[in-house]
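J.: Letter by letter, the chains look like this.
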Amino acid sequence: MLSNIGNSLLIINTLLSISIIFFSVQNLNSSANLINKNIYQMCLLQSTLIIICFFALIAAFINSDFSLITVYQNSHTLKPIFYKIAGTWGNHEGSLLLWVIILTIFSFLFLLHNREYPKNYSLYTLIIQNILIIGFLFFLIFNSNPFSVISPIPREGLGLNPILQDPALAIHPPLLYIGFVGSSIYFSAAIGSLLSNFTDKSFAQSIKNWVLISWSFQTVGILAGSIWAYYELGWGGFWFWDPVENASLLPWFAMTALIHSLIVLEKRNLLYFWVIILCLLTFILSVTGTFLVRSGILNSVHTFANDPTRGVYILIFLSLMIFISVLLLFKKIKKNNYNLNANSKEAFILINNWFMVFYLITVLIGTVYPIFTEVISDHKVSVGPPFYNTVIIPILVLFLFIMSVGPKVKWIKDKFNNFKSLLIILVGAILINFFIIYFFKSYSLLSNLIIISSIFLIISSLKDAIQSFKNKNFNFSRVISHSAFGFFVLFVGLNHNFSVEKDFNLKLGETEKFENYLIKFKNLQLKDFKNYKAVIGEFKINNIQNKKEQLLKPEIRIYENPSTLTYEASIRTQFFKDYYVTMSNIDRSDYYNIKFQKKPFMMWIWISVVFISFGGFLRIFKNEI
Amino acid sequence: MKYKIIQLLTLSIIIFIISIFFIGLNKSSIYDTKNLEGQVLKDIKLDHFSENRLILDKDFKKNNFTLINFWASWCGPCLLEHPFLLKLNAEKNLKIFGVNFKDKKNNALSFLDKNGNPYDELAKDEFGKYSVSFGIYGIPESILINKNLVILKKFIGPLSNNDYNYIVNVLKTNEN
Amino acid sequence: MKTKIIIFFIILNFSIVNAKIFKVDESRIFKNIRCLICQGQSVSDSNSEFAQTIKLVVRDQITKGKSEKDIYKFLIEKYGDWIVYNPPLNKTNFLLWMIPYLVFLGGGLLIFFIVRKNKQN
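Here the protein sequences line up with chains A, B and C, keeping their order.
For the first sequence, position 335 matches number 1660 in the numbering used here, and the numbering has no gaps at all.
For the second sequence, position 145 matches number 146 in the numbering used here, and the numbering has no gaps at all.
For the third sequence, position 83 matches number 85 in the numbering used here, and the numbering has no gaps at all.
Keep in mind that the hints were calculated from the coordinates and are not lab data.
Please read these numbers as outputs of a predicted model, since none were measured by experiment.
Don't take each hint at face value.
When the alpha-carbon atoms are kept at most 20 Å apart in a straight line, the in silico SDA-like pairs for lysine to any residue are as follows [as the list claims (entries may be wrong)]:
| no. | chain 1 | residue 1 | chain 2 | residue 2 |
| --- | --- | --- | --- | --- |
| 1 | A | Lys1660 | B | Tyr4 |
| 2 | B | Lys130 | A | Asp1828 |
| 3 | A | Lys1788 | A | Leu1748 |
| 4 | A | Lys1827 | C | Leu58 |
| 5 | B | Lys3 | B | Ile15 |
Please take these sequences and the hints and turn them into a complete structure.
T.: Here you go:
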C-alpha cells in the first residue's frame, strides 16, 4: 500500500512539475506584473506532496515493510528505531528522494522570497529548477525507485551496514544535501538571470542568503562526515582525500569563492559574469560529485553499491547541464569593464577566488586522474594524501597571509600604511611558533610555515575585531569565520606534528613499551548484544612522564545482519588530546594487532569548523533582520 | 575571432572529458597485477618445506616451465583448483612448485594427504614475506614461468578450466 | 638592538628544522601504501591479511637500511604503480603534477593583466 502511495505521489509530482513549467512559460509572455497565484499554489502542493512521499518511505522503514525492495535491502527488524529512520536516506534510492525534496522545497521557498524581484527572473528560475526536478524524478521513477516492490514479501531484511549506524552519519546526508543540492537554486537563478537580463547588483541580493545557507550547511555536512570517519572507521584520521570526500569538497570551494565574489557584485556591481560562472559551476560540481560516487567509476571506501545504468543516466544529465550552461554563457557573455585597482578589496577577493579555483582544480584533477590514465593508457595509478598535501599546503601558507591582509583593505583604492603593524604581528607569530618548538618538539620547515601563517591569521583577525569594535562597525561573521579557519589550520598542523602512533602485535597479558608510554593488554571479554557479539579488549595506557593512566576498550564486533566484522575504536577524549586505540585479530594466531594513537587537539579541530560555519549562519541572520 | 577559438577550445575540452567518463564507466575498478606479466623473477629466496635449505633462482632454471602455486590448508578456494593441479602434475614439461603460505606444517601435510599432492617441490612461507617478492597479494595465486624465469602468466584466484587449457596449450606449443 | 634580537630568533626558529623527519618513518610509509584488496584503505588503516604482511616486509626492509624511495620502488616493481598513493613523477603522471601549478600561474597572470589594464585607463 505504501508502495502505491509513494509511486502515485512521485507521478503526481512529475505532472505538477510539468504544469508548473507550462504555466510559468505562459506567465512569462503575459503582460501581468505579478506571478500568477496558481503557480504559487502548485509549488506549495508540490512541496507538500513530496514531503508526504518522504514520510511514506520513512513509515515503510519504521514498520519494516519488506515489500519494498529498498527497505528489504537496507533494514532489519532488530535495528534500533533511530537507525531505521536514518536508513531511509542511507541508501541510494532513499537519498535520491532526499535530493528531490531539497530541490522542490528550495524551489518553493526561493519563489516566495523573491517577490520583490522581477517576475520574469523568478519564472525562469522556477522553470529551470523544475526541469532539474523532473530530471531527478525520472531517474527516481525509472531507475532507482525506492517504492519498487518485491514479491513474495521477505520475512526479514538484509540489514543496514553497522558502520552506517552512527548519529553523525545519520545527519550527514541531510546536512550535506541542503548544501550542495541547495546550490541548485542559484544554478537555476543564474540561468534565470541570464535569460531575463536581470544582471545588476540586486541579483546578488536575491541569491546571497541562499549561497550562505548552502555554504554553511555544506561546511557542517562535511564536518559530520569527518567526525563519523574518525569515530566509526577506526583509523584515527578524519580526512583521507577519498573520492567521496573530495566530491563534497569541490562544491565547497566554489561556494566559498562565490560568497566572496557576491560581496563585490553587491557592493561595486562588478564581476557579474564571474558570479554567474561560479553559480553554474557549484551545482555542476555537485552533480559531478554524485556521478563519481554513485557510478562505481572510482574505487573508494564509501561507494554505494554499483549499478552501471545509474552512472550512464547521471552522466547524460550532467552533460546536458554542462552544455546548456556553457552555450547559454557563450551567447550572453559581454565584455565587461573591469574597474579594478591592485590595492583594493575587490582585487583581494579576486585573489581569494584565484586560490579557491586552484584548490578546486587540484582536488578535481587528483580525483579524476586515475580515470584518465586508465582509459587512455590502460594503466592504473593511485592518487592519495601525499599528492594533495604536497600540492596544496605550500599554497595554503601564502593564502593564509593574504587572507589576513585582504579584509582590511578598502574598497576601490587603498594606501598600504599599516605595513608596520603587520610586521609586528608576523614577528609575534614567529615567536609563538618558536616557543612551541622550544618547549615541545620541532617539525619540518613546511609545518613551521603553516603554524606561523595560521597564527598570523588568528592574531590579525582578532586585532581587526578589537579595532572595528572600537569604531563600532563590527563585522562579526567575517571575523568569526576567518579566525576559526586560522584556528582550524593551526590545530590540524599541531595535530599532525604532535601525534604519536604505534602499530604492534600483542598477546593477552603482554606489555608494549615505546617513547613514554606503557601499554598492557589486560583483559579480553566476549559479550552478547542485541544485534552483535563483541570481543572487547582492555588496555591500560600508562604515561610514564606524567604518571597518568587511561583504560581503553577497543572492540571487534561480529554482526549477523548483514554478516560483517567491524573494529570499534576506543577513544578517550580529553581537553587537549584524544587517546585512540584499535584492536584487530590476526588470523590463526593468538596475537592481536594493536594500533595506539595519541591525537592532540581533535576536539578543537571540530570546534573550529563549527565556528567557520557559524559565521555563515550569523551573516544570514544579520541579513534577514 | 579570438573569442571563437576560446569557445571551440572550451567545448572540445568538455566533450573530451565527458567521453573519457563514458568510456571509464565500462572499466572495472578492481585492480589486479596481471600487467606484471613479462617481468623476470630475480633474487628468489624461499624456505624449503621439509628440508633445512633455501630455494634460489637456480632451482627454477633447470625446469622448462614451472607453475608456482601459492596455497594454504585454511584456504577454501584452494580446494577448488586442486583437481587442476593434480591433472597438471601429469604434464612432463611442467614442474609444479608449491608455496605453503602462512600455514602450519601439520595442517599442510594433512591437507595434502587428504586431497592429493600435486607438488613436485614444496616451499613454505610462514609469514607471507617471501611471497611479496612474487607480487602475491592473496591466495590462491599461481605464476607460470619459463626457463629464464620470465613471468608468462599470473593467475589470480583459483585456476579455472580456461586457465588449465591455457597452460596445456603453452606446453604443447613449446614441445621441443 | 631589538630588531637584531628578533632577527636572531627568526633564524633560530628556522634552523631547528627537525632532523628526525629525515629518518625513515614506518607510519608514514604505511600511510602511503595502498591495501590492494580493500576499497580505498592504506596499509596503515587496514586490518587485512595483506596489510599485515606488507607491514612485516616493510619493517624488514627498514631494518636492512633501505630508504623510503627504495621501498616504494620495490613495491611498485612487484605490484604496479597502483600500490603507492604518491604517484611517481613520470611520463604518465607528469600532467597530474603540472596542471595545478599551471592553473595557479595562469590565474595569477590573469589577475595581473586585469589589474594592469585598469591602471592604464
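J.: Which of the listed hints are not met by the structure?
T.: none
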